[in-house]
Amino acid sequence: MKIVNIKVPGKLSWKEQDLRVSFLRQLEAVPNSEKIKSCIQCGTCTGSCPVSYAMDISPREVIALFRAGDMESLLHSKTIWVCASCYACQTRCPALIKVTDIIYALKRLAMEKNIYPPNFPVYSLSQSFVKIMNSYGRLHEARLLVFYFVKTNPFKLFSFMPLGLRMAKKKRIAYMPSKIKDIKNFQKIIKKAEQFDMPRTVGEVQYLKGAVGYGAVDKKTELESKK
Amino acid sequence: MDYSYFPGCSLESAHSSYNDSVKKVFKHLDSNLHELEDWNCCGATAYMSVKEIVGFAISARNLAIAEKQKWDLIAPCSSCYTILAKTHRYMKELPELKERVNECLKEGGLSYNLKVKVRHPLDVLINDIGLEKIKEKTKVRLDGLKIANYYGCQIVRPEKGFDDREEPMTMDNLFSAVGATNVYYPMKVKCCGGMLMTTYEDVALKLSKEIIECAVNNGANCIVTTCPLCQMNLEAYQDEINKAYSTNYNMPILFFTQVLGLAFGFSDSELGIDKNLTAGIKINGALIHQ
Numbered sequence: 001m002k003i004v005n006i007k008v009p010g011k012l013s014w015k016e017q018d019l020r021v022s023f024l025r026q027l028e029a030v031p032n033s034e035k036i037k038s039c040i041q042c043g044t045c046t047g048s049c050p051v052s053y054a055m056d057i058s059p060r061e062v063i064a065l066f067r068a069g070d071m072e073s074l075l076h077s078k079t080i081w082v083c084a085s086c087y088a089c090q091t092r093c094p095a096l097i098k099v100t101d102i103i104y105a106l107k108r109l110a111m112e113k114n115i116y117p118p119n120f121p122v123y124s125l126s127q128s129f130v131k132i133m134n135s136y137g138r139l140h141e142a143r144l145l146v147f148y149f150v151k152t153n154p155f156k157l158f159s160f161m162p163l164g165l166r167m168a169k170k171k172r173i174a175y176m177p178s179k180i181k182d183i184k185n186f187q188k189i190i191k192k193a194e195q196f197d198m199p200r201t202v203g204e205v206q207y208l209k210g211a212v213g214y215g216a217v218d219k220k221t222e223l224e225s226k227k
Numbered sequence: 001m002d003y004s005y006f007p008g009c010s011l012e013s014a015h016s017s018y019n020d021s022v023k024k025v026f027k028h029l030d031s032n033l034h035e036l037e038d039w040n041c042c043g044a045t046a047y048m049s050v051k052e053i054v055g056f057a058i059s060a061r062n063l064a065i066a067e068k069q070k071w072d073l074i075a076p077c078s079s080c081y082t083i084l085a086k087t088h089r090y091m092k093e094l095p096e097l098k099e100r101v102n103e104c105l106k107e108g109g110l111s112y113n114l115k116v117k118v119r120h121p122l123d124v125l126i127n128d129i130g131l132e133k134i135k136e137k138t139k140v141r142l143d144g145l146k147i148a149n150y151y152g153c154q155i156v157r158p159e160k161g162f163d164d165r166e167e168p169m170t171m172d173n174l175f176s177a178v179g180a181t182n183v184y185y186p187m188k189v190k191c192c193g194g195m196l197m198t199t200y201e202d203v204a205l206k207l208s209k210e211i212i213e214c215a216v217n218n219g220a221n222c223i224v225t226t227c228p229l230c231q232m233n234l235e236a237y238q239d240e241i242n243k244a245y246s247t248n249y250n251m252p253i254l255f256f257t258q259v260l261g262l263a264f265g266f267s268d269s270e271l272g273i274d275k276n277l278t279a280g281i282k283i284n285g286a287l288i289h290q
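Note that the protein sequences, when read in sequence, are chains C and L. Numbered per this note's numbering, the first sequence finishes at 227, counting up by one with no gaps. Numbered per this note's numbering, the second sequence finishes at 290, counting up by one with no gaps.
Everything labelled a hint here was simulated from the structure, so no lab data went into it. Think of the CB as a built atom: it goes at the ideal place given N, C-alpha and C, for glycine as much as any other residue. Just so you know, not all the hints are guaranteed correct.
Selected chain C positions facing chain L (Cβ under 10 Å, derived; list incomplete) [claimed, not checked]:
#, residue
1, Lys35
2, Lys37
3, Ile40
4, Gly47
5, Cys49
6, Leu65
7, Arg67
8, Asp70
9, Cys83
10, Cys86
11, Val122
12, Ser124
13, His140
14, Tyr148
15, Val150
16, Asn185
Result set (DSSO-like, lysine-lysine): computed pairs, CA atoms no more than 27 Å apart in a straight line [stated by the list, open to error]:
#, chain 1, residue 1, chain 2, residue 2
17, C, Lys170, L, Lys98
18, L, Lys86, C, Lys181
19, L, Lys92, C, Lys35
20, L, Lys23, C, Lys171
21, C, Lys181, L, Lys98
22, C, Lys179, L, Lys23
23, L, Lys70, C, Lys184
24, L, Lys115, C, Lys170
25, L, Lys243, C, Lys181
26, L, Lys24, C, Lys37
27, L, Lys146, C, Lys192
28, C, Lys179, L, Lys117
29, L, Lys106, C, Lys35
30, C, Lys151, L, Lys206
31, C, Lys181, L, Lys146
32, L, Lys243, C, Lys169
33, L, Lys23, C, Lys169
34, L, Lys115, C, Lys184
35, C, Lys131, C, Lys188
All chains should be modelled from the sequences, with the hints used to inform the complete structure.
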């Protein structure tokens, strides 16, 4: 699968080129991700999305903006963080586009490029999660919430207390984290895997004739060349 | 039948009731669950959105261990089920990824050769054990119990699996086999908001409210779910929902194995129903728990 060959409409700025290439590299890890080329802009994804009402860019527009070569707006959107990854869009897409996986790729790219506000909730939650995982091999819910709230909004921790107490009364809180026995080898696996996530080198993207959805642009250039 | 069993992190703490009830139900149906040796967290969606290859590698560690045990791998948590199944499928479809992941696993003295079948307990109950056997083993018919079957996202959607994606029926069939009534419930595969409850609470509260509202309007006695996160959002945040929307919901949210366990004659404390935060449910006129 050579997804990097998806054609670019017109001339992109250096920054846009860089983001576009990085994004396409992210997509390499998704089977059949080249289907992104076959979007018919029907809007089934947006109609199926339970959280599209809270998004600034709808799922349909996500694909449209990608094709229009505007990665920057996508990475700055609220959309990619509001997605609850329920996969309703992906299962209903008549063009078999991996919409949810594409939004995951955008999230990873935004984090890779450090495009998010400081103490951003989704990022902080993921970071806290990763920290606990690396030291125990299993998740410890209580610790996750404490780390998370300390990073984002310590006062929220107090409003969380009543629920915590109710859960504790019912013996539903584990106070000590459970740790896997073979943590050394587990950490070795993670360390090795992290090497594969190294920032990717940026290649040159050239303007290609016949870019998807940009027939009009091409016709224009053809006409111009005839003149 | 023998199965490898992957409980997952949340079944160790906040949802030990799910863990207990799965084990009770399977034992009652003469199936053996062998807990996966030294399993680690599946990575969940949080890992996948930070570092994908790391996410695949730690998830594949569990599959590699399960491969040694040679049985199908049962994962009751919807998220674990999806992540493990996804890892298997991606490694199968992308040979390059398989190579990379196996290179990581080698560091820990493991390898995964795509021989494990990841199963959800609901799938095993219906397709391996069968409704006939479940009917045979039923001790208390759940006559009069009205159930809203809530499947959620993860077990039906991302991985095309054992049930329909828009109108799954396995849980409905299971409970009508033990005498319960399934109410009309069009929200059965809608999203509860998942992790948004910690990041965008207002959005998640709205989604969860709609799920409870629909069950109330259709006269359900309880919502039955397969997912620990759905259970948490719908149950523990019911007070928040009531506050935000001036409602007065007190809907019991149970795991499907808890309700099935009741039909098999286990008590509410054996199934962890007494650990619930909301009201009890009535079976044959008797109030179970509280």
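Hints, one by one, checked against the model:
1. Hint status for lysine 35 of chain C: violated, given a least beta-carbon distance of 13 Å to chain L, over 10 Å.
2. Look at lysine 37 of chain C: its Cβ only gets to about 18 Å from chain L, farther than 10 Å, so that hint breaks.
3. The restraint placing isoleucine 40 of chain C at the interface with chain L is violated, with a minimum CB-CB distance near 21 Å, outside the 10 Å limit.
4. Evaluation of the glycine 47 of chain C hint against chain L yields a violated restraint, the C-beta minimum of about 14 Å exceeding 10 Å.
5. Nearest Cβ of chain L to the Cβ of cysteine 49 of chain C: about 9 Å, under the 10 Å cut. The hint holds.
6. Because the closest C-beta pair between leucine 65 of chain C and chain L is about 20 Å apart, greater than 10 Å, the hint is violated.
7. Taking 10 Å as the C-beta contact cut-off toward chain L, the hint placing arginine 67 of chain C at the interface is violated, the least distance being around 23 Å.
8. For aspartate 70 of chain C, the shortest C-beta to C-beta distance to chain L is roughly 22 Å, which exceeds 10 Å, and the interface hint is violated.
9. Annotation: cysteine 83 of chain C was flagged as interfacial toward chain L, and the flag holds, the nearest CB pair being 9 Å apart, inside 10 Å.
10. The closest approach between the C-beta of cysteine 86 of chain C and any C-beta of chain L is roughly 3 Å, which is under the 10 Å cut-off, so the hint is satisfied.
11. The closest approach between the C-beta of valine 122 of chain C and any C-beta of chain L is roughly 5 Å, which is under the 10 Å cut-off, so the hint is satisfied.
12. Below 10 Å, beta-carbon pairs count as interface contacts, and serine 124 of chain C has one with chain L at about 9 Å; its hint therefore holds.
13. Checking histidine 140 of chain C against chain L by beta carbon gives a least distance of about 8 Å; that is within 10 Å, so the hint holds.
14. With a cut of 10 Å, the hint placing tyrosine 148 of chain C at the interface with chain L holds, because the nearest CB-to-CB distance is about 7 Å.
15. This hint is violated: valine 150 of chain C has a C-beta 13 Å from the nearest C-beta of chain L, more than the 10 Å allowed.
16. Proximity of asparagine 185 of chain C to chain L holds as hinted, the smallest CB-CB distance being about 4 Å (cut-off 10 Å).
17. Taking the CA atoms of lysine 170 of chain C and lysine 98 of chain L, the gap is near 43 Å; set against the 27 Å cutoff, the hint is violated.
18. Using a Cα cut-off of 27 Å, the hinted pair lysine 86 of chain L and lysine 181 of chain C holds, with the two alpha carbons roughly 25 Å apart.
19. With a C-alpha separation of about 19 Å, the suggested pair lysine 92 of chain L and lysine 35 of chain C falls inside the 27 Å cut-off, and the hint holds.
20. Simply put, lysine 23 of chain L and lysine 171 of chain C have alpha-carbon atoms about 19 Å apart, close enough for the 27 Å limit, and the pair holds.
21. This hinted pair checks out: lysine 181 of chain C and lysine 98 of chain L have alpha carbons roughly 25 Å apart, not beyond 27 Å.
22. About 22 Å separates the Cα atoms of lysine 179 of chain C and lysine 23 of chain L, which keeps this hinted pair within 27 Å; it holds.
23. The suggested pairing of lysine 70 of chain L with lysine 184 of chain C holds, with an alpha-carbon distance near 25 Å, which does not exceed 27 Å.
24. Under the criterion of a C-alpha separation no larger than 27 Å, the hint pairing lysine 115 of chain L with lysine 170 of chain C is inconsistent with the structure, at around 40 Å.
25. For a cut-off of 27 Å, the pair hint linking lysine 243 of chain L to lysine 181 of chain C is broken: about 44 Å separates their Cα positions.
26. At roughly 49 Å between alpha-carbon atoms, lysine 24 of chain L and lysine 37 of chain C are farther apart than 27 Å, so this suggested pair is violated.
27. Pair hint lysine 146 of chain L plus lysine 192 of chain C does not hold up; C-alpha atoms about 51 Å apart against a cutoff of 27 Å.
28. Taken as a hint, the lysine 179 of chain C and lysine 117 of chain L pair is honoured in the structure, with Cα atoms around 26 Å apart against an allowance of 27 Å.
29. Taking the CA atoms of lysine 106 of chain L and lysine 35 of chain C, the gap is near 33 Å; set against the 27 Å cutoff, the hint is violated.
30. Distance check on the hinted pair: lysine 151 of chain C and lysine 206 of chain L sit about 25 Å apart at the alpha-carbon level, within 27 Å; holds.
31. Distance check on the hinted pair: lysine 181 of chain C and lysine 146 of chain L sit about 44 Å apart at the alpha-carbon level, beyond 27 Å; violated.
32. Proposed proximity of lysine 243 of chain L and lysine 169 of chain C is supported: the alpha carbons are some 22 Å apart, at most 27 Å.
33. A threshold of 27 Å between alpha carbons decides the hint, and for lysine 23 of chain L with lysine 169 of chain C the separation of about 24 Å falls inside it, so the pair holds.
34. Our distance criterion of 27 Å between C-alpha atoms is met by lysine 115 of chain L and lysine 184 of chain C, whose separation comes to about 25 Å.
35. Restraint check for lysine 131 of chain C and lysine 188 of chain C: the C-alpha separation of about 15 Å stays at or below 27 Å, so the hint holds.
In this structure, the earlier hints numbered 1, 2, 3, 4, 6, 7, 8, 15, 17, 24, 25, 26, 27, 29, 31 are contradicted, and the remaining ones agree with it.
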